[in-house]
Structures are given as C-alpha cells and as structure tokens.
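Protein chains: 2
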Amino acid sequence: MEDFPPLKNDRILRAARGESVDRVPVWVMRQAGRYLPEFRKVREQHDFFTICQTPKLACEITLQPIERFDLDAAIIFSDILVVPQALGMEVLMQPGVGPVFPKPLIEASDLECLGDVEAALPKLKYVFEAITLTRKELNGKVPLIGFTGAPWTLMSYMIEGGGSKTLSKAKKWLYTRPEASIKLLQLLTDVNVDYLVGQVKAGAQMLQVFESHAEHLNMDLFSKFCLPFLTQICSRVKTKLKECGIEPVPMTVFAKGGHYVLKTLSNSGYDVIGLDWTMDPAVAREVCDQSGVCLQGNLDPCALYAPKEELEAKVQEMAAKFGHKTNWIANLGHGIYPDMDPESMTTFVNAVHNL
Amino acid sequence: MEDFPPLKNDRILRAARGESVDRVPVWVMRQAGRYLPEFRKVREQHDFFTICQTPKLACEITLQPIERFDLDAAIIFSDILVVPQALGMEVLMQPGVGPVFPKPLIEASDLECLGDVEAALPKLKYVFEAITLTRKELNGKVPLIGFTGAPWTLMSYMIEGGGSKTLSKAKKWLYTRPEASIKLLQLLTDVNVDYLVGQVKAGAQMLQVFESHAEHLNMDLFSKFCLPFLTQICSRVKTKLKECGIEPVPMTVFAKGGHYVLKTLSNSGYDVIGLDWTMDPAVAREVCDQSGVCLQGNLDPCALYAPKEELEAKVQEMAAKFGHKTNWIANLGHGIYPDMDPESMTTFVNAVHNL
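Top to bottom, those sequences are chains B and A. Mapping the first sequence onto our numbering, position 27 (from 1) lands on 27, and the numbers just tick up by one. Mapping the second sequence onto our numbering, position 301 (from 1) lands on 1301, and the numbers just tick up by one.
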C-alpha cells in the first residue's frame, strides 16, 4: 500500500467502531451527484461510465461535495454496475431512464457468457486507480469510502436489464432456478470480495455494500439469497485483509427496504447498518443496540425540500430518535435526489454538526 | 337498496368479523386481470377505462376469475384512478407504461380546477351500476368487494402524473405545501366517503381502501397525511351507512410498505389489515392480535412462479406463520402479475382451501 497523508478527521471511523466522537459524523449517499451544478458541468462533457473509468474525472467529482460542504467522508464516484460490466455485460446509462443492459440474462445458460473473478478484477483497475488518486488528493481531510452492489441487487439488474417496479423477472429466477441463482450470486460474491479488498489496498478506508433491492424480498428469500452472500463478503474481506497484513476497515451494509431483516443484519458481522427513511430510528436502536452495531441514516431524502427551519427541526427529531450520539453516522435514508437545492445539503450537514 | 339473491358463501365476511370459519377464505388482488386469457380477449376490443365505465363489461370481467377458480370473494373491476377522473382530471392507460395524467397537478392553484364532491359523485354512477349488475349476476355465490384508493395514494398519482420510483414531486408537496396537501387530501377523503357509501348502497358487501404508496412515507408523514384521512373514511362510512339504516360492511385497509404503521392501523377502526409480502405474518400477529383485527395476505406474488409442490409448501409455511385460522383472509401480498400462469392461481387457491 502507498504511503498516504495522515488522516485529520477520523470521526466516521470512530463512530463505526463504536468509539466516542466529538460530534456526529455525516455524509450523504450520492453526495457527488446531479444536484450539484459542478457535477452537471462535468457530465455535459463526459458520458457517465467514462467518468467512472477515468480516475482523474472520478476523483474530481468525488471531491466536489467535500469542497462545498463540511462532510466527514468522501465516497468514491463510481457505480454498482461496474461489476456486471467487468463480468462482460454491456451497461448503458440512458438519460432520463437510468441504466440499461441491451442483453440482460434470460436463460440460465447465459451465465456461461459471464467472465470469472480472474478476468473481472483487472477490468476494475480504473476504480482502484481512482481511489488511490482521490485518497492522495483528499490529503487526509476525511476518510474515503469504497463500495459495491450486493450480489442480489446486481443479479436483479443483470436479469431485469434496467429498472423494474416488481423485479418479477429476477425473482422468478429465485423461485424457478434456485441453483443457477446461487451460482450467479456466488460468482458476484467472489468478485465482490476481491473487488472490496482491492479497494482497501488502493486506499479505501471504509466500505459500503448496497443491497438496494432488499425491498422486493422477504425474510424467507433474503435468508436464502442475500444473507449468506452478505456475510461471506464481510468475513472474507476482513480475513483477506488480515492475511495481507492490512487492518480491516469498517464495513457497512445498507439493505434498502429490509425492515424485516434488521435484527439479523445487526449480528451479521458488519460494523454499520444503513437504515432507509421508512424505519423508525428508535425502533432500530431497540432492535440493534444489544449487538453494539453502529447505525447509519436515515432522514427522508424529501425532507431536504422543506424550508430551512423545518429541515433543521427534522434533523433534531431524527437525532432524538437515535437517542445517543455514539454508534450513529448521520445520512439520508436514500441517495440525495437530483433536483435538490445544494443549499438544503448545507442546512442538513450543518444541522447535524450543531446537534 | 335492491333485493339481491341470498348469499351462499359468507366465509370472508365471517373472517373479517372475527367469527369462526370452516376454511380460510381466499381471494387475490387483481384476480380479474391480464394473466387471464379471457381478460386479454376483452381488453383487445376495449380500452381499459371503457371497460371500467361499461357496467356490462366490468361485470363480465369481475366474474371471470369467479368462474375459473374456487374463490371466496369477487372484487368489482375498476381502478383507483376513476376518482381523480371524476374530479375532472384526464387519465389515460398507456400499454406497457401504465396510467398517465397529461395534465398533472403542478401548482397549489391547480387544485381550483378540481371538481367538488357533488360534481364528482354523479360521474361515478357507472361504478355503482356495475356493482349492482355484478351483485345480481353473482347470484349469491360469493360476496362482492368494492374499493377505492386512499387519499395520499390518489394525491401522489395526481401530482406525479404517472408511475414514479420516488414520488419525490408528490412528497415535495407534503414538505413545502402542507396546507394545500391537506386540502387535497380532505377533498379526496370526502369523495371517498360518499363513493364507498354509494358502493355499499349499490351492492358491495365489503370495502377495501388501497394505500398503495405507503412505502414511500414513514411514521411521521403517515401520521400527518394518511392516518387522519384513513380513519375518517372508515368512521364516516360506517356512520353514514348506519344513518341510512344499512348495516356497515367490513372494511379493509391495505397500506403497501407500511410495515412501520402496522400496530397503529390495527387500532384504526378497520376490520381487516392487508399485509404486503415483506411482512412476517408471525410478527404481524404479535403486533395486531391484541386488537382482534383480521389480517389479509400475504404470499409473495412471485411465489406463484414456483413449481406446484413448492407453491403448496409456501402456502403451508404462510399458514403456519399466521398461526390460527381465525382472523385471516388469505391473499397475495400484492396484485397478481400479468405474466402468471392461471394454473398457479388454481394451485394457490386450492392449497389455501386444503389447509
């Protein structure tokens, strides 16, 4: 590993480890995104995935919110769908539509067209390079978070071929092709393990796994098709890092809509559990506090539409529901929306810091 | 009220009232729908809303699943968006897209263009006529369910103008225009009250209120913008019916994604609480049983993709989680999907009856 500048703000890492903090750390999912005029300016000139694949651009965009707001972490600009791309699938980002796979997985035999871990990892080198460059450019200001999409979430994109209200095609695989599903989920797990280890080696100081499609499942399906892979990822990444003589970094799992699995996740090995905005933080504390796990979240992203005073009040209400300031990383309960006024982001971040 | 044929199967009404049943009653949301070839045949010849507006066609389609499957209830074929239509908004059903409002609500002043209760109700006469005709045609075989969309769910369609992943436009109203929002929600509540009373007068023997967009809110928003209107609807409908000398019918509320509000709903006056498939029935029983409320649901709609034996096992697992056979109406946790094999519906219905 390279020799990086010393870290000046370790608030989020301390919170993730359950240590005391002087103030509640805060970052925001999609903080480097379309709501920022400086982001849109770069996007006007470059395709979405070109930015992901160009370390200098990914670094520039990752730093944009850090320069504007008093945030406690940066998250590398990338996309969860770079993993299916690295496995050989084409993914386009269509304006106003979102990601589209021109050739989604249809038959179980389509799995044979996917690459293996050895072939996939080198293709993700640009992410590692972007992380190393960004870590240097951050100059120790705040920690850099790396991330990936959880296996089920990636699998469902690969089958649906884009957005879906029900994920019924992907869920049909779970019910009719459980073996092929598990084969695919295991492949994605294996890639994710090396991908996350590679991100830490490149300079990531914390990792988040996005199980964005948990909301379409239930305890039964989650137990079979998500949990074993999520726990594998966490334990194998930590073990591999130790074997390389690297101190494991805190790991977060964010299972959006996974209200039904909160207690289970709190004992799954992850250091931080992300909460979406539908969950009551007080209930989550009750369910999770015994595990000593750190919680992350969870203001309704739409609360940022509210007038300044009301938004500040909402942050205070949220803090009151989380109860104690330890074991909490403030965030929204979902990514910030593209039409948000950056001023609201300032209000949100400052309101957390003023708690 | 007309003199209708005597009811031969009151299983679902008994279950809703907490009375003992010889076997668990079952029906399925969207049971009259695109998965049925006989439905698609009618749809080939008629526009979606033309069917809703033509009592003979709505009746024919309502009866299709009753003729095919051993169901314990019929639900009138209609759409929740007939209410915004009756208030003066244009709604088109676009194939492959879903409902589209060419002129959604944008400014608070757009509310002035909406009609009032007195103007709206006569426009819904075709629903009442369809209910009366269907009730006669059913000849007492099973009870006929009437329904409506809950105010927030209708409001969000009227603002979004169609489907949305985040409902961020509609939620923005809640945060920035709470007064206009409440004005609109109250108008929709007032229309819904008379609309549901009218449905019972026309022959509906049970009523369901669909709060399909609860999943985008949280307890805070739900408490302000859903619950007061849902409880109003329930209590005012029951009071109005009594005042007309009509025995109130059982009322169901289905708040999809409303895991955070289950306990509150169980004490809101509704007789039946619908559960989506993400909720664990055993947890729901624990939360709700004290209230004596009946639960409805909640098999994952995608479980109908599973092979016959596995689907039967899933039904048995679901029953085991509901624990006791009283206070339970079996259903899916969401509407049946358009690509489902009708054979799976047979398997599901029979598996419930064989419990």
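Hints were generated in silico from the structure; no laboratory data involved. Be aware that a few hints might be false.
[Said to hold, decoys possible] Derived coverage of chain A by chain B (criterion: at least 3 residues anywhere in the stretch with Cβ under 8 Å from a Cβ of chain B; other residues may be distant):
(1) 1161 to 1170
(2) 1174 to 1181
(3) 1252 to 1265
As the structure is a prediction and not an experimental result, all values here were calculated from the model. Ideal placement from N, C-alpha and C gives every residue a C-beta, glycine not left out.
Cross-check of the supplied hints:
no.: 1; hint: 1161 to 1170; verdict: holds (count 4)
no.: 2; hint: 1174 to 1181; verdict: holds (count 3)
no.: 3; hint: 1252 to 1265; verdict: holds (count 3)
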